[in-house]
Amino acid sequence: MSKKYVYLFSEGNASMRELLGGKGANLAEMTNIGLPVPQGFTITTEACTQYYEDGKINDEIMNQIEEGIVKMEEITGKKFGDLENPLLVSVRSGARASMPGMMDTILNLGLNEEVVEVIAKKTGNERWARDCYRRFIQMYSDVVMEVGKKYFEALIDKMKEERGVTQDIELTAGDLKELADQFKAEYKAKIGVDFPDDPKEQLYGAIKAVFRSWDNPRANVYRRDNDIPFSWGTAVNVQEMAFGNWSDESGTGVAFTRDPATGEKKLMGEFLINAQGEDVVAGVRTPQPISALKDVMPEVFEQFEKVCSILENHYHDMQDMEFTIQDRKLYMLQTRNGKRTAKAALKVACDLVDEGMITPKEAVLMIDPRNLDTLLHPTFDQKVLKETPVLSKALGASPGAAAGKIVFTAEDAKEWAARGEKVVLVRLETSPEDIEGMKSAQGILTVRGGMTSHAAVVARGMGTCCVSGCGDITMDEENKRFTLKGKEYREGDPISLDGSTGNIYDGIIPTVDATIGGEFGRIMAWADEYRTMNVRTNADTPKDAAKAIELGAQGIGLCRTEHMFFEADRIAAFREMICADTLEERENALDKILPMQQKDFEGLFKACKGYPVTIRFLDPPLHEFVPTEEEDIALLAESQRKTVEQIKAIIDSLHEFNPMMGHRGLRLAVTYPEIAKMQTRAVIRAAIKVNKENPELNISPEIMIPLAGDATELKYVKDIVVAVADEEIKNAGVKLDYEVGTMIEIPRAALTADDIAKNADFFCFGTNDLTQMTYGFSRDDAGKFLNAYYDRKIFEQDPFAKLDQIGVGKLMKIAIQLGKESNPNLHLGICGEHGGDPTSIEFCNKIGLDYVSCSPYRVPIARLAAAQAAIKQTK
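If you're matching positions, the sequence shown starts at 1 in my numbering and goes up one per residue.
The hints are simulated quantities; they were obtained by calculation from the structure and are not laboratory data.
Glycine included, every Cβ here is placed at the ideal spot set by N, Cα and C.
Misleading hints may appear alongside valid ones.
[Said to hold, decoys possible] Capping the alpha-carbon separation at 25 Å, the derived lysine-lysine pairs in DSS-like fashion look like this:
#1 LYS810 / LYS846
#2 LYS487 / LYS547
#3 LYS735 / LYS689
#4 LYS122 / LYS150
#5 LYS422 / LYS439
#6 LYS200 / LYS79
#7 LYS606 / LYS383
#8 LYS122 / LYS79
#9 LYS592 / LYS547
#10 LYS383 / LYS439
[Said to hold, decoys possible] Simulated DEER-style distance windows between Cβ atoms:
#11 LYS149 / GLU550: 31 to 39 Å
#12 GLY610 / GLU302: 14 to 22 Å
#13 GLU477 / ILE633: 22 to 30 Å
#14 LYS3 / GLU170: 47 to 55 Å
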């Protein structure tokens, strides 16, 4: 039997999300539970994958679509192109994961001049018929044929000006007929052929456009950021039209069962009378709050409230719904688990537990760990805020504070941010093609649009501050300027936005660290209960360590000691050591650094309150520490009593063709054992001192030797460390436990881990270097060519951002297996950038690591991701 590529809504259900996409699965589920859903069919995600394999819609899929059309015509009693009872449909994309960069909806498909005449006569509503047709031409031209909607908007604006009106709904049937003719002429001028009249041709054009949109640049960027594989594909939903623009007793809207910004349990949303769906989402008109529907159509509002309750109870989660009212009859067009801010996500999860709808375990699983990041971001300094007048107020569409220089295009936002500028993207309204610019901006400000506009929804998903619908702005996008409250703002001018209040401020307001609310603590407590892996932090200063401990870190997994050498008060001594001619001179220089290093480690041990602290010995090549400026070289020469030429000769001698694979890590300790000796003394003395002053902490330091690739070289360096450590402990007359381990960051170390483990108490995977050396990519230069790899679908992810589970992951598994066989007491961690990435954390849990280590502000993300990984694994 051939594969089924087309399902009627009545044939699917919510569990078929992978096949039908989120939208299709939920339309099927709503149909099953008896809600008022206009009927139709879904073309599966597998059909999309097949489309890319074949380079076209193949005959088998085409035949099934034709069968779907026939069945849909039977269900509705209407026919495509029929001059008695014509069928009009909407076409929507619907991947299994929500994709803001995907194709916009096409409404009113199936119209041509003849059909418009028929429906105008049959309904006696010519204005509605003409409005549907001009909308369809505009959408089809823009979405399917990629003729920019700005050309059509310009024609609408010109006509409104000529007619002396301000709203689209004030245009007459005759105006709209004329407009449709102008639109078709514009289409022909841009495309070179007439606008298609055949409804079947229109439908196949729209279906192909949905499939194509799965591979557009915006979708690819979003997929890369959100771990969505290209192989998933998108489904296509073809649904009978319900007309919100039928009359003044019709309308369309978007609503949430709870407030997506705060999580408060109240119906929230917006609707427009006499409008179609894209009017609300695109922000072309400013909508009314959903509560106003109670006054306009009380019976519809009552029915809608019941539907909301049914859906939330059915899905056990906050719902985001799209609906249309045609002639006082309610139709449900979509439901999905609503996108929400991190603050709202925590409140909703806790409330659902308190309401008995879900368990704490389910609450932990329902929160995207990456969104927690937004809770930890700064807010405005309240003292400065109180003294700063509010310039204007609009809708606080996505919480947070943003301050930066104004830019007017997504391209500029991307370009300015790349050179280190903080920018605020100001637009009339955003659309899916703006997604990369939105990602680069600190905040987004739009002139049009409500809480459910494109800008608001996407910004909330990204955790980016957004203020929308600022009607006070007079915009001149073409000349990159706008006027607000009598002041003209140009590109580069400073502005500040508060996405929680909707307030807009002139100039830059400083920010302060965020404070975390009670629901955060509850969710984190549940997460800590379920996770089996510990979470440590990468921190080099007591301040960073203290912040991480406050955020739930269980110690330090990586302290990079070289960062300490760059401090102004010690770089001179370190350079003195590098330029020394004899062992005695080197030791004298290192003696100057020793008390400073010891003090550093004392601060870290105290900040970590008895949790383990892993201190990595000097890792980078020495050339990184020498001066490059002529003035600094001259100063060094003077202090060393050497000539400038002699210093330059030393600097030249340190130069390496490939320093990341050169004289660094434990190789430095082999060449200059005195460096390892000094660092060991600093660690052990610090631990002894802190234990004496704070015996309850019971510090047991972990010394990590970087870059081991051979068991013999590791043993050589470890013997030096142990001899010095034992001598220090003996001289102090105390008992102190300590461990010596190594980083696994060279493929050979992973492959010979059984030998290496004989001289290591622990392994910590340095996946930044392990990835670099496994791929043979320089992580500093790979960015120059990785985009070409993404474009050609060779890679879907940056291997430095998402752990390569196939290659690098295999080396990790080998190292764990061999290491544990040789040393059953070996403990295991990861301290590369991947330690804060949720998908990488899930993999680390699966392969049996004891802990992950990440930057301080990513600790909550790692805690939640580790809990989710443990729950999924037990399932």
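To see whether the hints hold, each was checked on the structure:
1. Of the supplied pair hints, the one linking LYS810 and LYS846 holds, its CA atoms being roughly 12 Å apart against a limit of 25 Å.
2. Among the hinted pairs, LYS487 with LYS547 is inconsistent with the structure: their alpha-carbon atoms are about 41 Å apart, more than 25 Å.
3. Proposed proximity of LYS735 and LYS689 is supported: the alpha carbons are some 12 Å apart, at most 25 Å.
4. About 33 Å separates the Cα atoms of LYS122 and LYS150, which puts this hinted pair outside 25 Å; it is violated.
5. Under the criterion of a C-alpha separation no larger than 25 Å, the hint pairing LYS422 with LYS439 is consistent with the structure, at around 12 Å.
6. The suggested pairing of LYS200 with LYS79 holds, with an alpha-carbon distance near 11 Å, which does not exceed 25 Å.
7. A hinted pair counts as satisfied when its Cα atoms are at most 25 Å apart, and LYS606 with LYS383 does not qualify at roughly 32 Å.
8. The hinted pair formed by LYS122 and LYS79 meets the criterion: a straight-line CA distance of about 15 Å does not exceed 25 Å.
9. Taking the CA atoms of LYS592 and LYS547, the gap is about 29 Å. The hint is violated against a cut of 25 Å.
10. Between the alpha carbons of LYS383 and LYS439 the distance comes to roughly 29 Å, so the proposed pair goes past 25 Å and is violated.
11. The hint said 31 to 39 Å for the Cβ distance between LYS149 and GLU550, and at roughly 49 Å that hint is violated.
12. Checked against the hint of 14 to 22 Å, the C-beta distance between GLY610 and GLU302 comes to roughly 60 Å, which is inconsistent with it.
13. GLU477 and ILE633 have their C-beta atoms about 51 Å apart, which leaves the hinted 22 to 30 Å range violated.
14. Taken as a hint, the range 47 to 55 Å holds for the pair LYS3 and GLU170, whose Cβ atoms sit roughly 51 Å apart.
In terms of the numbered hints stated before, the structure departs from hints 2, 4, 7, 9, 10, 11, 12, 13, listed from lowest to highest.
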